[in-house]
Structures are given as C-alpha cells and as structure tokens.
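S.K.: Protein chains in written order, with the working numbering: chain A, 261 to 525; chain B, 61 to 380.
Hints listed in this document are in silico derivations from the structure and should not be mistaken for laboratory results.
Using C-beta positions, here's what the derived DEER-type ranges look like:
| id | chain 1 | residue 1 | chain 2 | residue 2 | range |
| --- | --- | --- | --- | --- | --- |
| 1 | B | Asp-165 | A | Gln-284 | 49 to 59 Å |
| 2 | B | Ser-279 | A | Ser-340 | 20 to 30 Å |
| 3 | B | Ser-343 | A | Ser-356 | 50 to 60 Å |
| 4 | B | Ala-317 | A | Arg-439 | 44 to 54 Å |
| 5 | A | Ser-340 | B | Ser-314 | 48 to 58 Å |
| 6 | B | Arg-330 | A | Ser-356 | 38 to 48 Å |
| 7 | B | Pro-264 | A | Tyr-399 | 24 to 34 Å |
| 8 | A | Ser-340 | B | Ala-196 | 51 to 61 Å |
| 9 | B | Asn-323 | A | Gly-466 | 50 to 60 Å |
| 10 | A | Ser-340 | B | Val-102 | 18 to 28 Å |
From the derived model, a few chain B residues whose C-beta atoms are all more than 10 Å from chain A:
| id | residue |
| --- | --- |
| 11 | Ile-142 |
| 12 | Pro-193 |
| 13 | Arg-198 |
| 14 | Gly-241 |
Below, in silico cross-link-like pairs of lysine-lysine (DSBU-like), each with a Cα-Cα straight-line distance of 35 Å or less:
| id | chain 1 | residue 1 | chain 2 | residue 2 |
| --- | --- | --- | --- | --- |
| 15 | B | Lys-293 | A | Lys-338 |
| 16 | A | Lys-338 | B | Lys-109 |
| 17 | A | Lys-407 | B | Lys-293 |
| 18 | B | Lys-212 | A | Lys-407 |
On a predicted model such as this, the values are computed, not experimentally measured, just so you know. From the three backbone atoms N, C-alpha and C, an ideal C-beta is built for every residue, glycine too.
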Amino acid sequence: MEVLRAIWTVALVVFLHSLHIHAQPIEVRPGEVVQFQLCFYWENLPGQPPASNLDVVLQPEVFPMSGYHWHDDSARPKGSIQPSSFRTSGDGCSPSLQFYAPTVAGMHPMVIYAAATTYNQEFWVGAWANNGYCCVQLYENQDLYYKPGGAQPEHPDWYGFNVSVPTVAKMQTIAQQYRQQTAQRLCVNDMSLNWGGVFDLGPRYGGQYWQSPHAEHKLGLNVDLPFSCNNYLQTAYNIALANGGGAGPGGILVHSDHYHLRFVD
Amino acid sequence: MLQTIKHLAVGNCFARVAVALILSTSLMAQDQKQSESQLRVVPRVFGTKQPDLARSPNDRVWLDEAGNLVVEGARRRGAEAITIAITRRVHVRPIVNCSVRSGPDGFTYEYRITNAPDAKQWIQIFWLDALGPIGAARAPEYWRVYNIERSKPPLERVFFGRDALDSDTNRRLTPGASQDGFVVQSQARPGLVRLFFVGHKPLPGESGYIADEAILESSEVEMSDWLRQEANKYLSMEANSVVLTGIGPKYPPSVPAVQALRNELLEAVRNPVFLPDRDAINSLLSTGQDRTSLQSGIESLLKKATGIRTELYAALIRHY
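My request is simple: use the sequences and hints to build the entire structure.
M.R.: See the structure below:
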C-alpha cells in the first residue's frame with residue numbers, strides 16, 4: 261500500500277508539473293465563495309488587444325486524491341461557477357464570476373473553453389487559504405494524548421489531529437493545566453484534516469464519503485474531548501472554557517460521549 | 061478472506077493510478093493546444109465571502125419563558141420535522157457582593173457569591189471582565205482561578221471555577237448557598253464591570269442528563285446552516301450565561317479621577333439597576349465638573365442607595 265501511495269504521489273506531481281498554469285492558483289476556504297473576473301487578450305496580435313465578444317464556457321473539476329483525501333469516487337463535490345458561460349465585453353473581460361468552493365478541501369482546476377481551445381485556472385480549497393492559520397498537527401506530549409484507534413487509510417498520517425496555529429497553543433495550555441490539576445494526561449481525538457474541510461469518515465465508520473459526521477471540524481477550530489478516556493469532566497470543561505475552548509459560536513457543545521470544543525483564531 | 065481483501069485493495073489502487081495517468085495524458089494534450097493558442101487569460105480576484113446561508117421557510121429559533129432554546133425547522137434524516145428544546149446554562153440566580161480595600165499594593169476586591177434559592181442549577185464557573193490590569197487572583201477551597209485571559213487588552217478576564225471531583229459537592233454554589241473568598245488584586249481603581257455565571261448541566265451518567273445539545277450536531281438530524289448559526293448564537297459562551305453588573309478593577313492609576321468619576325456616572329445612567337437615580341445622576345453630570353462637587357453629589361446618592369448602587373457610590377467616594 262505504501263509503494264502504491266508513493267507511485268500515486270509521483271504520478272500526481274508529474275501531472276501537476278506538466279500543466280501550463282497561467283496564473284497562481286486562487287485560494288479559498290472550504291465552503292466560501294470567490295468573486296473573480298477573467299480577461300482575455302489576443303497574445304499574437306500587435307499590442308495584445310482585448311478579446312471582445314468571445315464566447316466562454318467554464319467547468320469546475322477536481323483532482324482526485326487532492327486535499328488530503330486518499331480516496332476518490334464520482335460523488336466528490338467539484339464546486340460550481342456562476343455564471344458558467346458568458347460572452348466577453350468590449351474590454352475582453354467576463355462579467356463578475358463566482359466560484360462556490362465545495363466544503364471538501366482539494367485542488368480544483370477550472371477548465372476554460374474559449375476560441376476552440378482549453379485553458380486552466382486552478383482553485384485551491386483549503387482552510388489555510390489567504391494566510392489562514394490552519395492546519396498544523398497537534399502533537400502528543402507529556403500532557404496530551406490521542407484517543408487510541410481511529411487511524412484510517414483514507415486520511416493517513418495522523419489524519420485528524422490538525423488544528424489552527426493559535427489553537428495549538430491553547431490546547432497545549434489546556435492539556436498542561438489539566439495534567440497539573442488531575443495528574444492525568446488530557447485525552448483528545450477528532451480535530452481537522454490537514455487541509456481542513458469536511459471531515460469525512462466514510463463507510464468504515466458508518467458514514468459516507470464527502471459527507472461529514474461532524475458539522476464542524478473544517479477550519480482547525482474544533483477539538484473533541486472524549487468522555488471515555490477523561491476522568492475529570494467538570495475540570496476539563498472549566499479549563500477548556502477558561503482557555504478559549506468555548507469562544508467559538510455555540511460555546512462548548514456537550515455530546516453524549518464527548519465535549520466538542522470551539523476555538524476562534 | 062484477508063488475502064482477498066488485500067488483492068482487491070491492490071487492484072483498486074492500480075486502477076486508480078491508471079485512471080490518473082490517462083487523465084494526465086489527456087490534460088497534457090490539452091495543454092499542448094494551449095501553447096499554440098493566441099489567447100492570454102488573466103484572472104482578477106476581487107475577494108472571498110461567506111455564502112448566503114440557506115434558510116428554510118419553517119426555520120425558527122427563540123427562547124421560551126424559562127430562557128431555554130427552542131429550534132424549529134430541523135428534521136430527522138429524510139423524515140419528519142422535529143422541534144429541538146435545549147436547556148441553557150442560565151438557571152442560576154447569582155447575587156454578588158463586593159468589598160474593596162486599598163493598600164500599598166493597590167486594591168483588593170473580595171467577592172461573596174450567592175446563588176439564590178430559586179435557582180435551578182448550581183454555579184460551575186464564572187468570570188469577571190476587568191478593564192484594569194490584574195495583579196493576582198485567588199479562590200476559596202474547592203474552587204480555583206482557572207485563567208486570567210489577557211488576549212484582548214485592556215480587557216482582562218478572570219475565571220473562577222469549581223475544582224473538585226465531579227461527584228464532590230463541598231462548597232458547591234447550589235441554590236441557596238453562598239461562598240466568599242474570591243479575591244482579585246489590581247492597581248486599577250473600582251468601577252462597574254460585568255460578571256458572567258454559568259450553571260451546571262448534568263453530564264452523561266449524572267441524573268437529569270438529557271442529550272439535547274448533541275442533537276444540533278447529530279448526523280441523524282438535518283437543518284439549514286442558517287438554523288444552526290442562529291441556535292449557536294444563543295449557546296455561545298457569553299449568551300449562555302447570566303450576566304450581572306458588579307464592582308471590579310476598571311481604571312488604571314493614570315486615568316484622572318474626574319474622568320473616571322464622570323465615566324462611571326455615565327455608565328450608571330444606562331444601567332437599568334440605576335434607574336431610580338437617573339435624573340439625579342444626569343443633573344450631577346451637568347453641574348459637577350470637579351472631583352469635589354462630583355463626590356459631594358455622589359454622597360447624596362449614597363444615602364438612598366441599596367445593593368450595587370451602594371457599592372458603586374461608596375467606592376467612588378472612598379477610592380478616588
């Protein structure tokens with residue numbers, strides 16, 4: 261499996277390098293909307309005049325396995341573009357366009373059909389977009405450990421133990437204080453995937469790919485504290501609340517088997 | 061069986077790589093076309109925004125008479141509409157008494173907290189929003205200073221919470237109970253500050269536990285993003301607590317006394333608790349321009365005051 265993954269990685273890198281990218285990828289957070297415009301110019305004509313009255317069609321696609329999802333199927337959301345077809349105006353530009361990023365993180369080429377040719381503009385959908393703080397791994401240490409189990413091949417490499425940079429510091433403080441007060445390590449599990457976005461667990465855990473068992477856990481701002489491996493629940497609640505774990509919308513949510521912490525960056 | 065699964069997995073992965081390579085070749089061919097093209101495409105990004113949240117016609121969120129949250133418009137996956145009722149942490153009835161002492165190291169604020177007998181929850185954690193720098197804080201036995209949060213200066217937020225085994229009931233602020241010994245030390249002089257009190261909701265395994273909040277995030281329940289966002293507003297940290305006005309560190313020593321006194325009177329005017337004194341305070345603000353005249357007027361207010369009004373007026377006379 262590791263060999264195949266390496267082959268796949270090499271193939272993907274070769275593929276990406278082979279594409280002629282006309283501009284930097286446009287970054288957007290999962291579920292957000294990018295407002296943009298495309299302008300077309302006749303490159304081979306003197307003065308590179310604008311390509312006015314040009315009929316253009318746009319089609320969003322998705323690179324398989326991108327966004328730290330090592331699984332793929334046809335149901336993977338591609339996002340949408342509105343309007344998806346237009347005629348350029350006198351200045352060679354499109355009307356205002358909007359790319360509705362899917363809530364799943366990933367790399368999305370937008371195929372541009374114009375003048376009987378295809379062009380490509382990429383959108384990268386990740387919680388780190390536009391200088392966002394997500395996501396880095398929250399490491400285990402003497403104060404904190406991951407609830408055993410849960411690793412899965414679809415999202416490998418400590419798939420779900422990533423949070424935003426400010427959340428790392430807050431969680432370390434919470435875990436340190438919990439250990440000082442209880443002499444026990446704080447037990448944590450589901451956070452965010454490496455690129456953020458929908459945290460899907462798939463059929464192995466009774467769910468569906470591309471759909472989340474977690475309505476949140478998309479931006480590295482959520483951490484779960486399971487009840488089964490934390491013995492001092494009131495203490496954990498108080499420490500978390502006092503250190504930013506309830507600062508996000510909705511505060512600390514009490515599930516039947518875990519606390520769901522909500523941070524803000 | 062295990063061997064079969066392994067073979068299937070390997071086959072599946074080879075198939076994926078093959079599909080990817082075919083796709084790569086196809087797109088490379090397209091790229092070849094691009095290089096011959098006469099068009100140059102220039103993207104211009106205007107910015108990103110949050111999408112407009114979808115709202116269903118039946119979506120409603122409100123607080124019932126008891127202050128609990130009611131959410132209408134959600135449905136069990138593919139089935140009937142449900143109404144979600146969520147008990148909030150606002151069923152505490154805190155009463156705050158504060159004494160302020162000045163000393164060589166600044167001011168010592170000592171709080172006595174009472175949870176009135178008609179409360180339905182015990183107080184699990186509370187915090188005070190000071191506006192002056194806090195030097196230290198301490199809590200009585202079975203309680204703890206959980207944090208002094210300084211991330212939003214000049215606001216400094218001191219958290220006092222229970223510090224005991226979940227089952228330990230010693231010194232719990234149950235309905236009818238009082239506890240003193242919550243102390244904050246600061247160089248800042250006193251003024252009106254806010255205190256937030258959070259009630260305890262039973263956890264799984266405790267009697268009275270209801271899995272009400274969990275429904276909001278359940279994969280079995282569908283609701284619009286608008287509905288979830290509205291529900292979250294009522295459950296956020298500050299909204300899901302009882303907020304009281306009390307006395308606490310407010311003005312660093314650098315703030316002129318007259319400015320602080322006038323600010324406090326202005327703040328009192330817009331606080332409902334000070335309604336009986338509103339006209340007198342307005343009159344005092346229009347005439348009192350120096351410390352002596354302001355404090356003289358506040359002396360008059362103090363004679364008829366009770367509760368927090370007494371605490372504020374006394375502090376404004378003694379510590380400015």
